[in-house]
Amino acid sequence: MRERELSELSEMKARLEEANSVLEIRINAKTKALRELAANLEKEMKERTEELRRKVAESENSRVALMNMLEDMEDLRRRAEEEREKTMAIIANFSDGLMFFDARDRLALVNPRVEDYFCIDKAESKNMIGSRISDIVRFAPMSLLGEIFTGPLEHVSRRELSLNEKTIFEVSVLEVAGRAGKIGTLLIIHDISREKMVEKMKTEFVSIAAHQLRTPISAIKWTLRMILDGDLGPINDEQREFLDKTYKSNERMINLINDLLNVTRIEEGRQVYDPVVADIEEIVRSLVANYEDMARQKNLNLSFEKIAAVVPAVRIDLEKIKLVVSNLVENALKYTPAGGRISVALGEEDGNAMVEVVDTGIGIPAEQQDRIFTKYFRSANAIKAETEGTGLGLFIAKNIVEAHGGKIRFVSEPGRATKFSFVLPPAESD
Amino acid sequence: MTAAEFASLGAVSYNLIKDMEKILLIEDEELIIRLLSKKLAAIGYDVSLAMDGREGLEKIKQIVPDLILLDIVMPRMGGFEVMAEMKKDEKIANIPVIIISNSGQPLELEKAKELGAADWLVKTEFDPKEVAEKIQKYINKN
Chain A
3 MRERELSELS
13 EMKARLEEAN
23 SVLEIRINAK
33 TKALRELAAN
43 LEKEMKERTE
53 ELRRKVAESE
63 NSRVALMNML
73 EDMEDLRRRA
83 EEEREKTMAI
93 IANFSDGLMF
103 FDARDRLALV
113 NPRVEDYFCI
123 DKAESKNMIG
133 SRISDIVRFA
143 PMSLLGEIFT
153 GPLEHVSRRE
163 LSLNEKTIFE
173 VSVLEVAGRA
183 GKIGTLLIIH
193 DISREKMVEK
203 MKTEFVSIAA
213 HQLRTPISAI
223 KWTLRMILDG
233 DLGPINDEQR
243 EFLDKTYKSN
253 ERMINLINDL
263 LNVTRIEEGR
273 QVYDPVVADI
283 EEIVRSLVAN
293 YEDMARQKNL
303 NLSFEKIAAV
313 VPAVRIDLEK
323 IKLVVSNLVE
333 NALKYTPAGG
343 RISVALGEED
353 GNAMVEVVDT
363 GIGIPAEQQD
373 RIFTKYFRSA
383 NAIKAETEGT
393 GLGLFIAKNI
403 VEAHGGKIRF
413 VSEPGRATKF
423 SFVLPPAESD
Chain B
2 MTAAEFASLG
12 AVSYNLIKDM
22 EKILLIEDEE
32 LIIRLLSKKL
42 AAIGYDVSLA
52 MDGREGLEKI
62 KQIVPDLILL
72 DIVMPRMGGF
82 EVMAEMKKDE
92 KIANIPVIII
102 SNSGQPLELE
112 KAKELGAADW
122 LVKTEFDPKE
132 VAEKIQKYIN
142 KN
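Chains as they are written, first to last, in my numbering: chain A, 3 to 432; chain B, 2 to 143.
Heads up, a few of these hints could be off.
Straight line, CA to CA, 16 Å or less: simulated EDC-like cross-link-like pairs of lysine to aspartate or glutamate [as the list claims (entries may be wrong)]:
(1) A/324 to B/59
(2) A/250 to B/126
(3) B/130 to A/231
(4) B/88 to B/126
Computed beta-carbon distance windows for the label pairs [stated by the list, open to error]:
(5) B/117 to A/165: 36 to 42 Å
(6) B/95 to A/407: 37 to 43 Å
(7) B/95 to A/118: 53 to 59 Å
(8) B/108 to A/197: 23 to 29 Å
(9) A/237 to B/59: 37 to 43 Å
(10) B/31 to A/235: 32 to 38 Å
(11) B/140 to A/240: 45 to 51 Å
(12) B/140 to A/169: 26 to 32 Å
(13) B/91 to A/237: 57 to 63 Å
(14) B/59 to A/236: 53 to 59 Å
(15) B/31 to A/118: 23 to 29 Å
(16) A/244 to B/108: 52 to 58 Å
(17) B/88 to A/235: 41 to 47 Å
Pulled a few chain A residues facing chain B out of the computed Cβ check, cut under 7 Å [to be verified]:
(18) 141
(19) 210
(20) 213
(21) 221
(22) 227
(23) 228
(24) 254
Hints in this document: simulated from the structure, not taken from any laboratory.
For each residue, glycine too, the CB sits at the ideal point set by N, CA and C.
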């Protein structure tokens, strides 16, 4: 029994030991698995953490970038603001009055100079913002601009406006274009009172000087004339010749002074016309006849021809239109070499009376043609051909013709021929 | 101006013949006075002189000339003033006046016309002979 028991016990022990070792193996296996799991977890953790850290870093970078961007924007905005302030300061302190109208022709900006010029206060100038020019000119202090702007805003180049006798403005209107086209219209008001005053003084000086010159010159003329006419006793041929030349020089001086006076009168706006309905044919014909002697002396063929069956009657200031024709014919006589031809013609053009003077003279150099009507201008070849001349004749002629509502023009082939012509509108039948 | 002074200026006669037409020259420039009075006297006018507007006005009233030659810019009284004064006295209001001036500005011409001037001569554009011709035209009219 003992033995059996002992054997059973030992078998049990063996089994237990076996079971124990199996368990142990299993535990070991489990433990290993657990350990592996733990290791994996830890690795994953690390990876995740790393990723998170990276992301955090990344977002930090973006934040900094964003901050930088914002700072840049702020900087730009500040600079734009500064620029705008600078521009506004320039506009505000600009010596000219500025009114800016937007693309829809509504007032967007007025500078303080405009307020000074038209004696309006800040509130009143603010009130005008958003208005069209047609509304602005209805505001009494601004009504002066109504002399220029009777309708919508349009291009204006240096129009003069007198606020009073002492204050004269010059108004210009320019379209302002950006890269995308018209962005608005700028009205510029420039004070030219000072220039006008200087100009007036200059004109007055010339006028007074010319009048003062006339007094002694007329005395010289009268004396010479009476001596030449024998009123003061007989003279010999040599004396007569000298006195005759002196008389002619004096006449030239009289013409010069008259030219100066004509110019100053034009500039003073005093060219008052005394228009009468006249037969221009008679005027031109007799003027041309007056120059026949001079033409013969210079060996020039001077002719007059009426080239239209009917020439409309014109309403003109006789003396002034005579001056125009004389200036044109005298120029032709001066600048046509001996043997040449001068043809004066009277015709009709689009219902207007037309006078033309064609010569075979030295012509006007192409590059100087656009200045030919400018005051005091003489072309280079004209100065060479004839040293004497004021450069006023054509300036005066143009002003007179235009004051009559007419037009003057020319074509010239340098070295060969020149044609000056002017038209005068027909007299209105009353 | 006295007759002696007048003679010294070179004029020929002084109111000797009754029916000579009387012309009064009102002008302040001596050379013009001498030349014109010589010319007119030679033609046969009875020429009187005044060297400024005030003297001229007195002479007009005193002589009552057939025609007046009148300068505009003169000392003491200008030509326009003389004409305005003439209008106030009907005895002399209608004497023809020819203005002789160194100027001939449109505004002045207008004013002269308003004041009733018969004509306007710019001295640089006329000579004594032509002045005499103008005088004949207006004297014959009367």
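Structure-based check of all given hints:
For the hint linking residue 324 of chain A to residue 59 of chain B, the alpha-carbon distance of about 41 Å lies beyond 16 Å, and the restraint is violated. Distance restraint check for residue 250 of chain A and residue 126 of chain B: the Cα-Cα separation of roughly 13 Å lies within the 16 Å cut-off, and the hinted pair is therefore satisfied. Taken as a hint, the residue 130 of chain B and residue 231 of chain A pair is honoured in the structure, with Cα atoms around 9 Å apart against an allowance of 16 Å. Simply put, residue 88 of chain B and residue 126 of chain B have alpha-carbon atoms about 28 Å apart, too far for the 16 Å limit, and the pair is violated.
A beta carbon spacing of about 39 Å between residue 117 of chain B and residue 165 of chain A agrees with the range 36 to 42 Å that was offered as a hint. Between residue 95 of chain B and residue 407 of chain A the C-beta distance comes to about 40 Å, which sits within the given range of 37 to 43 Å. Distance hint check: the CB atoms of residue 95 of chain B and residue 118 of chain A are about 57 Å apart, consistent with the given range 53 to 59 Å. Range check, residue 108 of chain B to residue 197 of chain A: Cβ separation about 25 Å, and the 23 to 29 Å hint holds.
At about 39 Å, the CB distance of residue 237 of chain A to residue 59 of chain B agrees with the hint of 37 to 43 Å. Roughly 19 Å separates the CB atoms of residue 31 of chain B and residue 235 of chain A, a value that falls outside the hinted 32 to 38 Å. A C-beta distance of roughly 38 Å is found between residue 140 of chain B and residue 240 of chain A, which places it outside the suggested range of 45 to 51 Å. For residue 140 of chain B and residue 169 of chain A, the Cβ-Cβ distance of about 52 Å falls outside the hinted range of 26 to 32 Å, so the restraint is violated.
Our hint of 57 to 63 Å for residue 91 of chain B and residue 237 of chain A is violated, since their Cβ atoms are close to 48 Å apart. Between residue 59 of chain B and residue 236 of chain A the beta carbons are some 39 Å apart, a value that contradicts the proposed interval 53 to 59 Å. In this structure the supplied range 23 to 29 Å is violated for residue 31 of chain B paired with residue 118 of chain A, their Cβ-Cβ distance being about 56 Å. Separated by about 39 Å at the C-beta atoms, residue 244 of chain A and residue 108 of chain B break the suggested range of 52 to 58 Å.
As the Cβ distance of residue 88 of chain B to residue 235 of chain A is approximately 42 Å, the hint placing it in 41 to 47 Å holds. At about 36 Å, the closest approach between the beta carbon of residue 141 of chain A and any beta carbon in chain B exceeds 7 Å, and the interface hint on this residue is violated. The interface hint given for residue 210 of chain A is violated, since its Cβ lies 10 Å from the closest Cβ of chain B, which is over the 7 Å cut-off. Restraint check, residue 213 of chain A versus chain B: the minimum CB separation of about 5 Å is within 7 Å; hint holds.
A cut of 7 Å between beta carbons decides the hint on residue 221 of chain A: the least distance to chain B is about 4 Å, and the hint holds. Look at residue 227 of chain A: its Cβ gets to within about 4 Å of chain B, closer than 7 Å, so that hint holds up. The restraint placing residue 228 of chain A at the interface with chain B holds, with a minimum CB-CB distance near 6 Å, inside the 7 Å limit. Hint status for residue 254 of chain A relative to chain B: violated, with the closest Cβ pair at about 12 Å, above 7 Å.
Violation of the numbered hints given earlier is confined to hints 1, 4, 10, 11, 12, 13, 14, 15, 16, 18, 19, 24; the remaining hints are satisfied by the structure.
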